[in-house]
Amino acid sequence: MNAVWKPLSRALLPALLLAAQGCGGDDDVESKTYAVRFSPQVRQEALTCATSFTDIGTSRGVIELLDFRMYVRDVTLIRANGERHALKLAQDGEWQRDAIALLDFEDGTGTCRTGSPGTHREVTGTAPAHDDYTGLEFKVGLPPDRNHLDVEAEAAPLDVRDMWWSWQGGYKFVKLDIRSQQNATYYFHLGASGCQGSNADGYTCGAANQATIALDGFDPETNQVVLDVAGLLSELDVNRTPTGSDMMPGCMSGPTDPECPPLLSQFGLNADGTPKALPKTFFKVR
Amino acid sequence: MSSRAGKLSVVVALVSAAGCGGDAPGRPAPPPYAWSLPVGFPEPFVPEDNPMSAEKVELGRHLFYDARLSGNGTMACASCHEQARAFSDGKATPTGSTGDHVARNSPGLANVAYLSTYTWANPLLETLESQALVPLFNEFPTELGLTPKLEEALERLRGDARYPELFRAAFPDAQEPVSQGSLVKALASFQRTLLSGSSPYDRYLQGDNAALSRSARRGMELFFGERAECYHCHSGRHLSNSFRAKDTKPQVAQFFNTGLYDLDGKGAYPPDNPGLFEFTHDALDHGRFRVPQLRNVELTAPYMHDGSIPTLEAVIDHYTSGGRNVTEGPLAGDGRNNPNKDPLVRPFELSDEEKQDLIAFLKSLTDTDFTTDPRFSNPWK
Chain A
20 MNAVWKPLSR
30 ALLPALLLAA
40 QGCGGDDDVE
50 SKTYAVRFSP
60 QVRQEALTCA
70 TSFTDIGTSR
80 GVIELLDFRM
90 YVRDVTLIRA
100 NGERHALKLA
110 QDGEWQRDAI
120 ALLDFEDGTG
130 TCRTGSPGTH
140 REVTGTAPAH
150 DDYTGLEFKV
160 GLPPDRNHLD
170 VEAEAAPLDV
180 RDMWWSWQGG
190 YKFVKLDIRS
200 QQNATYYFHL
210 GASGCQGSNA
220 DGYTCGAANQ
230 ATIALDGFDP
240 ETNQVVLDVA
250 GLLSELDVNR
260 TPTGSDMMPG
270 CMSGPTDPEC
280 PPLLSQFGLN
290 ADGTPKALPK
300 TFFKVR
Chain B
141 MSSRAGKLSV
151 VVALVSAAGC
161 GGDAPGRPAP
171 PPYAWSLPVG
181 FPEPFVPEDN
191 PMSAEKVELG
201 RHLFYDARLS
211 GNGTMACASC
221 HEQARAFSDG
231 KATPTGSTGD
241 HVARNSPGLA
251 NVAYLSTYTW
261 ANPLLETLES
271 QALVPLFNEF
281 PTELGLTPKL
291 EEALERLRGD
301 ARYPELFRAA
311 FPDAQEPVSQ
321 GSLVKALASF
331 QRTLLSGSSP
341 YDRYLQGDNA
351 ALSRSARRGM
361 ELFFGERAEC
371 YHCHSGRHLS
381 NSFRAKDTKP
391 QVAQFFNTGL
401 YDLDGKGAYP
411 PDNPGLFEFT
421 HDALDHGRFR
431 VPQLRNVELT
441 APYMHDGSIP
451 TLEAVIDHYT
461 SGGRNVTEGP
471 LAGDGRNNPN
481 KDPLVRPFEL
491 SDEEKQDLIA
501 FLKSLTDTDF
511 TTDPRFSNPW
521 K
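The listed protein sequences correspond, in order, to chains A and B.
Be aware that the first sequence starts at 20, since it is given in the working numbering, and climbs by one per residue.
Be aware that the second sequence starts at 141, since it is given in the working numbering, and climbs by one per residue.
Because the hints were derived from the structure by calculation, they are not lab data.
Built from N, CA and C at the ideal position, the CB exists for glycine as well.
It is possible that part of the hints are untrue.
[Said to hold, decoys possible] DEER-style ranges, computed between Cβ atoms: (1) A/D238 x B/P312: 55 to 65 Å; (2) A/T300 x B/R296: 41 to 51 Å; (3) A/G137 x B/A309: 33 to 43 Å; (4) A/D47 x B/K389: 53 to 63 Å; (5) A/D47 x B/P312: 53 to 63 Å; (6) A/A99 x B/E316: 44 to 54 Å; (7) A/D164 x B/R296: 36 to 46 Å; (8) A/T77 x B/D300: 46 to 56 Å; (9) B/K231 x A/T77: 32 to 42 Å; (10) A/T70 x B/G321: 35 to 45 Å; (11) A/T300 x B/R302: 53 to 63 Å; (12) A/A203 x B/Y371: 41 to 51 Å; (13) A/A203 x B/P304: 33 to 43 Å; (14) A/S264 x B/V274: 16 to 26 Å.
[Said to hold, decoys possible] Pairs of lysine to aspartate or glutamate, DMTMM-like flavour, derived with a Cα cap of 20 Å: (15) B/K289 x A/D178; (16) B/K521 x B/E305; (17) B/K389 x A/D220; (18) B/K231 x B/D412; (19) B/K231 x B/E453; (20) B/K289 x A/D196; (21) B/K289 x A/D126; (22) B/K495 x B/E361; (23) B/K406 x A/D276; (24) A/K51 x A/E102; (25) B/K289 x A/E171; (26) B/K521 x B/E198; (27) A/K303 x A/E254; (28) A/K51 x A/D150; (29) B/K406 x A/D265; (30) B/K503 x B/D513; (31) A/K107 x A/E49; (32) B/K289 x A/D181; (33) A/K107 x A/E156.
[Unchecked claim] A few chain B positions that, by computed beta-carbon distances, are all more than 10 Å from chain A: (34) G180; (35) R296; (36) G462.
Only chain B is shown next, with the shape it has when bound in the complex (with noise of 0.2 Å):
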């Protein structure tokens, strides 16, 4: 072990000086991209490898909004996540650019930078990048369908009047700027700026007591309280727990059965949208997704990761019924029942009042500023 580590140090220290001695010639180091986080964030997590500049999210918002990205051309990243929307579609669960019906519901995008994983049950797309990914190659369901169309992506991108600049100004060391490692790692400079931090909510945490109204914070009561019990998943700043900072640890992800389904009673869910089971083959994972965001849920619905609950009023008698009984159809089975169901997801009651209380609370995470800010708005119109 000695003679290990002390080779180890050899090794640092010829790094270290080859470093002194052979920064790049001619480039001075980048500056540090200049963050422009809502009061009391803290930086999000970058990936090594794809340090935030200016220019690459410049570059992702033309892309993210662009139809050019699929493979037939008819559909952008911004298809199924629209700015008035904070950057979710408004339907139960949407279409690929080839007509496949997609099983999972399309998320919301605010404050995306600082979850621990992505899409909606995925252990292991751990940043942005590896997510991006997922939407431009899925083969089934196709959605951008750019597997056997890339190269043909690409050309149409460098025959572009406007991209040929903007890749050269994000990727300057890059011999082929216009790649799909350049795409994905632009798309995901630009997700990472789409933050939300100026709702009536945020106001409040900042000092203004003004900022929500009386039954808002009654309904924010009820959320962090021990009756609704909301605040065990839906927890800190962004009310969920998959979270994730600069100098945060990778957390161990955590992923929920919230009993709405029960094919089998055994805790089948629909056999195209089973949860993590699908990544651990392990039973008592089934129906297991993770918790999203709150940050602008009135402007996301429909909820839940199938888009099968359609307003926020059903989403809490939902929980206040501890479950949902399927009582017909394909999907019949009582969710109340799931043997996976977490188990704060249990009955509980809650009067008109204190499910309008809470409601008025959940409207409190709306962000207009995000939503009409025209930093996240379509380049092209």
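Pulled out of the complex, with its shape left as it was, chain A reads as follows (with noise of 0.2 Å):
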């Protein structure tokens, strides 16, 4: 160990040094709080509880929400000469932990009966005031050393049981689950799949379905998040009448499952868990 350590922490030291500075000004800028905001839509519309949605997927088919909720984390402002700084999360004891956001897009009213009360739209947090951020990066989900907590032994927003699944052992990253005119329920949970281990040894996992979610454009004080749910379901019918093959109506992160890959595709994720590019139809702009 010290044969490391020592080069290491040489290594280290100005790298520390850099950040304390960073932490009281970032070459004298002022840090600023900023609030990275979030809109689910169905193309130019508020994705709400109280509507129905039509012409979605292959079959345009007409869904109402259900459930929308979502982890994200890293939330990084990247400026016009590619300096990146993450935001340092407002630790507000309900939305916002570490590094870690859980988003909330349903009020629990009119046909989101599976939800909650409360709703988390944006991530707040600081990072140096510039003038030039032009791009933002986040993550979808937590990282793998935190996806197998108890959530009844974990603080918020870890602890909320609805994004817990215990047939996975380990979290649901992304929860958005809509109804059709065909399926009561047409379910997309993004999670780690394919998971062994105990907590007392950790966990692998096949699919890891860590995914990155990288913007350019984004400008923090004029832009938007677009999460929009008709580009997620483009390619999927959702009238489909499940079959003995797949019976369940959406995807649950299976890694055979039919309908995922289309659906982990908008995340820039392979249906193994592994990065591809990331097309434009449901993460965009405004």
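Each chain sits in its own coordinate frame; assemble them with the hints.
Written out as structure tokens, the structure is:
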């Protein structure tokens, strides 16, 4: 250990000093509170628990929202010169903790019967005040080392039982449930799958499903992140009648579920959880 | 390293010192739980954070039989786990409270306290507590359907005449005894008491040679012999190789493919029920399932993870054939050639009389004391 630690500590020291200065003000730049806003939509229209939305997917179905929540983390603003500044999240005791935030887009009213009254549609935190932020990057979900905690023992926002996935022994990173004319629930649950292990020994997952979303042309003062559910479902048939080989309408991150690849693709993920190019169909900038 | 060990020992010393000085004042430590273990049964493994108590068991029994524990109030645990059927349900596969088709057969619950993993092929569920969350909260298929209705269900229980007292007695230190955590702990505690050890086979093991018929004894020799090879998987007192007791280390869970299907010639099982593959994404794990215990197997028909074999006779035919050839329909394929099949599942011959002997042995595992024991019965009746 010592042989490794000594050169490492010499290399780390300047970096640590820089980081310490950064906390004080990043070369005299004041830090400022930013709110990265998220807007779930169906094309141009806001996605709410009070409306039905037509012309969805390959069968041009009608959908209603049942539930939409999502964990994001490591929200980072990127300057025109490429400089990256991770938001230091406000620790609000409810929605944001460390670098993790739970976004909650349903308010438990109307069609959102499985939801909760509270909502959280923006990630707030501080970063150096610059007027040339032009890019945004964030990750969807929880890091592997925090994905298998005991939901009952965790502090907010990791204490949300509806986001705990007892069968997979981890969290749902995204829970986006809708209903269509043919399906009382059409599910989309993104999470790590193919996991084995125990809390004592740690887990390994066949598909970690760690998505990194990078968006250009994003000014945190004027722009927001659009989550266009019409785009997300554009290649799917929300009225598909489940058959013997795929009984479940939608996708719960199963590696062989034919409805998973088009959904995971919108997060820049292959069916096996490895990264691929991010299409601009679901995540967009407005 | 040495300084780290030193620090550790200081911490340990401080903790133990605090423990000596500061035992909970007022409340004496509860007496150890009085297991009523069948002769020869070891004490089951119990998680540290859910020690057994008679009060928890009694609460769990009430909850197990209570349909208010489902989202729409239509089903209880007991709906799929009936005492008269050794806590199975007689169906190939059940239907959940909201009408969802459940892909896996309801297993019997005799001696589940001794399993090392739970459900047919989930390696992650190592305790009855973690298992209980699945039927309560799973969304697809929905079983009891509590995910959107937990608060509503807890309110129903709080408003009952009996529950507040039962919860208070079971969880005397809890600020809010009626909670998800209490439900799960009480249900697990009750299930740990579902011990079956009074069958003719048990009496035989205890030295009563007359407990088994001649036919059952011949069947037992087949079962534990090298022709039928049943015991390789169905081993030990509980006749499963999934086993954990208080003083045993957790073992590496084992899952086996018995050649029921081969949809694609490469080992695939029906996609809604791929077995261990769901958790490993390894093609070699297609169709691998946990070995069920065989206690009361006469009462837990139909058989296999999907209830696809109706009788014990047909199960024996399946094994003597070395697997199953499904000749038509969407599940067509020759499971006998499944590349993942356990090598001990291979064709062998049994005479009709030998088959009857084997069945006589399996029926000697039936424990009518267990299926009529008032301690396990519906307390609401």
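Hints versus structure:
1. A/D238 x B/P312: 55 to 65 Å: Because 57 Å falls inside the window, the suggested range holds.
2. A/T300 x B/R296: 41 to 51 Å: holds, 44 Å
3. A/G137 x B/A309: 33 to 43 Å: holds, 34 Å
4. A/D47 x B/K389: 53 to 63 Å: Since the Cβ atoms of A/D47 and B/K389 sit about 59 Å apart, the hinted range of 53 to 63 Å holds.
5. A/D47 x B/P312: 53 to 63 Å: holds, 59 Å
6. A/A99 x B/E316: 44 to 54 Å: Given a distance of about 53 Å, which is inside 44 to 54 Å, the answer is holds.
7. A/D164 x B/R296: 36 to 46 Å: holds, 38 Å
8. A/T77 x B/D300: 46 to 56 Å: Holds - the Cβ-Cβ distance for A/T77 and B/D300, about 49 Å, lies within 46 to 56 Å.
9. B/K231 x A/T77: 32 to 42 Å: At 36 Å between Cβs, range holds.
10. A/T70 x B/G321: 35 to 45 Å: holds, 37 Å
11. A/T300 x B/R302: 53 to 63 Å: holds, 55 Å
12. A/A203 x B/Y371: 41 to 51 Å: holds, 46 Å
13. A/A203 x B/P304: 33 to 43 Å: Since the Cβ atoms of A/A203 and B/P304 sit about 35 Å apart, the hinted range of 33 to 43 Å holds.
14. A/S264 x B/V274: 16 to 26 Å: The hint (16 to 26 Å, Cβ to Cβ) holds, given that A/S264 and B/V274 are roughly 23 Å apart.
15. B/K289 x A/D178: Distance ~17 Å between B/K289 and A/D178 Cα, so the pair holds.
16. B/K521 x B/E305: The hint holds at about 19 Å.
17. B/K389 x A/D220: holds, 14 Å
18. B/K231 x B/D412: Distance of about 18 Å is within 20 Å: holds.
19. B/K231 x B/E453: holds, 17 Å
20. B/K289 x A/D196: Since the Cα atoms of B/K289 and A/D196 sit roughly 16 Å apart, the hinted pair holds (cutoff 20 Å).
21. B/K289 x A/D126: holds, 16 Å
22. B/K495 x B/E361: holds, 12 Å
23. B/K406 x A/D276: holds, 18 Å
24. A/K51 x A/E102: Satisfied, since the Cα-Cα distance of roughly 16 Å is no more than 20 Å.
25. B/K289 x A/E171: Judged against 20 Å, a Cα distance of about 17 Å means the pair holds.
26. B/K521 x B/E198: holds, 14 Å
27. A/K303 x A/E254: holds, 17 Å
28. A/K51 x A/D150: holds, 11 Å
29. B/K406 x A/D265: OK: B/K406 and A/D265 at ~19 Å, within 20 Å.
30. B/K503 x B/D513: Between B/K503 and B/D513 the Cα gap is close to 19 Å, so the pair holds against 20 Å.
31. A/K107 x A/E49: holds, 14 Å
32. B/K289 x A/D181: holds, 11 Å
33. A/K107 x A/E156: holds, 14 Å
34. G180: Holds: least Cβ distance 29 Å, greater than 10 Å.
35. R296: The assertion about B/R296 holds, with a minimum of 17 Å to chain A.
36. G462: holds, 26 Å
Consistency with the previously given hints is maintained throughout, with no hint failing.
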